[in-house]
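Participant: Residue strings, one per chain:
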Amino acid sequence: MSWRSLMLLAALSASAWAQQIPLEALEKKFSGRTSETVEVNLDGNMLRIAMAFLRDDDPEQARAKKLLQDVKAIYVRVWKFNRGTEYLSSDLDDIRAQLKGWSKVVDVRSGNARGENTGVYMQMAGDKIQGIVVLAGEGRELTMVNLIGSLDPAQLRDLGGKFGIPNLTGLPGMGGEPKPGRKKNQDEK
Amino acid sequence: MSELEYQLRQALRRREPSEGFADRVMARIPAAPERRGAVLWWRWVAAAAACLMLAAGIGRYEQHRRGVQARDQLMLALEITEKKLAVVQSKVDELNRRSVPE
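Chains as they are written, first to last, in my numbering: chain A, 39 to 227; chain B, 59 to 160.
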């Protein structure tokens, strides 16, 4: 293998790592505060194996296969907190710090320490999405989805409403006319 | 002593073996292990083949099980993503409703 190929391989690997959000710090922070945790880690080989087992005769699985053909990894965490030890908005600062340079499609931060926080963040490379992070905090449950790989925004939009994925029209990068009103970095009371 | 007892004693009395008996027995000993080794060799081959087939079957089953498990995890991940995008959508809709001037 030539030096040029090695450099290209290293760069590709590094770019994949750039879209992956490190979760260890958050898991350590939340340790002992949750009654239940849902964890899904599908990367590299495991994702390829999963894709190979998707059935073409099942409409949902067939659409998933089409959507995820260029996706490299999917990480999901759902934390259900005990009463009194819910996550704080400040707990999410570490994640948000990792998302510098990402496009904030939606970023809702509560002014309350234990308020709701939601967000959709994308890392773009040209007209392709290279990484998506979805943050959804509701009550005593916090969910984080990190999707790494190449996604066509049109594909996401086209599947909106069919796979159950809402059609996020009106948002930058998701197609359609933007709706009037506030969109980003909203603080709620 | 009765007639029966006498006959039994005669039949079961100790008799010395014929000349060269010990040598004939010793000469036949090497022949027996060779034949036993040949039979055992085939048994080992059959046992190894059966073990290999069993391992291959178990490996195949395990691969299938991991694949189905991975697929189920993938569908779970997509279902969670779908639900949470719906949460985000509803939040965006709520903000838009609040911000649109009446």
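It is worth saying that the hints were derived from the structure and are not from the lab. On a predicted model such as this, the values are computed, not experimentally measured, just so you know. For glycine and all other residues, C-beta sits at the position ideal for the given N, C-alpha and C. Warning: the hint list may mix true and false statements.
Covered by chain B, according to a simulated footprint, are these stretches of chain A (three or more residues, beta-carbon under 8 Å) [as the list claims (entries may be wrong)]:
#1 91–100
#2 177–188
If we take Cβ atoms under 7 Å as the criterion, some of the chain A residues that face chain B in the derived model are [said to hold, decoys possible]:
#3 Val78
#4 Gly82
#5 Ile87
#6 Val109
#7 Ile112
#8 Val114
#9 Leu126
#10 Leu130
#11 Ile133
#12 Leu137
#13 Thr156
#14 Met162
#15 Ala163
Lysine-lysine pairs mimicking BS3-like chemistry, simulated, CA-CA at most 27 Å apart [what the hints assert, rightly or not]:
#16 B:Lys141 / A:Lys66
#17 B:Lys149 / A:Lys166
#18 A:Lys118 / B:Lys149
#19 A:Lys104 / B:Lys141
#20 A:Lys67 / A:Lys104
#21 A:Lys138 / B:Lys141
#22 A:Lys166 / B:Lys141
#23 A:Lys166 / A:Lys142
#24 A:Lys166 / A:Lys118
#25 A:Lys118 / A:Lys67
Participant: Hint by hint, say whether it matches the structure.
Facilitator: For each hint, the structure was consulted:
1. With a cut-off of 8 Å between beta carbons, the region 91–100 of chain A has 4 residues touching chain B; three or more are needed, and the interface restraint holds.
2. Counting residues of the region 177–188 of chain A whose CB lies closer than 8 Å to any CB of chain B gives 3, which reaches the minimum of 3, so the coverage claim holds.
3. The interface hint given for Val78 (chain A) is met, as the beta carbon of that residue sits about 4 Å from the closest beta carbon of chain B, less than 7 Å.
4. Because the beta carbon of Gly82 (chain A) sits about 11 Å from the nearest beta carbon in chain B, more than 7 Å, this interface hint is broken.
5. A least Cβ separation of about 5 Å between Ile87 (chain A) and chain B falls short of the 7 Å threshold, and the interface hint therefore holds.
6. Here the hint on Val109 (chain A) is broken, as its CB sits about 10 Å from the closest CB of chain B, past 7 Å.
7. Taking 7 Å as the C-beta cut-off, the interface hint given for Ile112 (chain A) holds, the closest approach to chain B being about 5 Å.
8. The restraint placing Val114 (chain A) at the interface with chain B holds, with a minimum CB-CB distance near 5 Å, inside the 7 Å limit.
9. Using the Cβ-Cβ criterion of 7 Å, the hint placing Leu126 (chain A) at the interface with chain B is not satisfied: the shortest such distance is roughly 19 Å.
10. Against a cut-off of 7 Å between C-beta atoms, the interface hint on Leu130 (chain A) is violated, since the closest Cβ of chain B lies about 14 Å away.
11. Of the supplied interface hints, the one on Ile133 (chain A) is violated, with its beta-carbon coming no nearer than about 14 Å to a beta-carbon of chain B, more than 7 Å.
12. Evaluation of the Leu137 (chain A) hint against chain B yields a violated restraint, the C-beta minimum of about 15 Å exceeding 7 Å.
13. About 5 Å separates the beta-carbon of Thr156 (chain A) from the nearest beta-carbon of chain B, less than 7 Å, and the hint is met.
14. Because the closest C-beta pair between Met162 (chain A) and chain B is about 18 Å apart, greater than 7 Å, the hint is violated.
15. Among the interface hints, the one on Ala163 (chain A) is violated; its C-beta lies about 21 Å from the nearest C-beta in chain B, farther than the 7 Å criterion.
16. The suggested pairing of Lys141 (chain B) with Lys66 (chain A) holds, with an alpha-carbon distance near 26 Å, which does not exceed 27 Å.
17. For the suggested pair Lys149 (chain B) and Lys166 (chain A), the alpha carbons sit about 25 Å apart, so the restraint of at most 27 Å is met.
18. For a cut-off of 27 Å, the pair hint linking Lys118 (chain A) to Lys149 (chain B) stands: about 20 Å separates their Cα positions.
19. For the given pair, Lys104 (chain A) sits about 20 Å from Lys141 (chain B) by alpha-carbon distance, which is consistent with the 27 Å threshold.
20. Taken as a hint, the Lys67 (chain A) and Lys104 (chain A) pair is broken in the structure, with Cα atoms around 36 Å apart against an allowance of 27 Å.
21. A C-alpha spacing of about 25 Å is found between Lys138 (chain A) and Lys141 (chain B), which places the hinted pair at or below 27 Å, so the restraint holds.
22. Our distance criterion of 27 Å between C-alpha atoms is met by Lys166 (chain A) and Lys141 (chain B), whose separation comes to about 23 Å.
23. For a cut-off of 27 Å, the pair hint linking Lys166 (chain A) to Lys142 (chain A) stands: about 15 Å separates their Cα positions.
24. A hinted pair counts as satisfied when its Cα atoms are at most 27 Å apart, and Lys166 (chain A) with Lys118 (chain A) does not qualify at roughly 33 Å.
25. Proximity of Lys118 (chain A) to Lys67 (chain A) is assessed by CA-CA distance (about 14 Å); at most 27 Å being required, the pair is judged to hold.
Checked against the numbered hints above, the structure violates hints 4, 6, 9, 10, 11, 12, 14, 15, 20 and 24; every other hint is satisfied.
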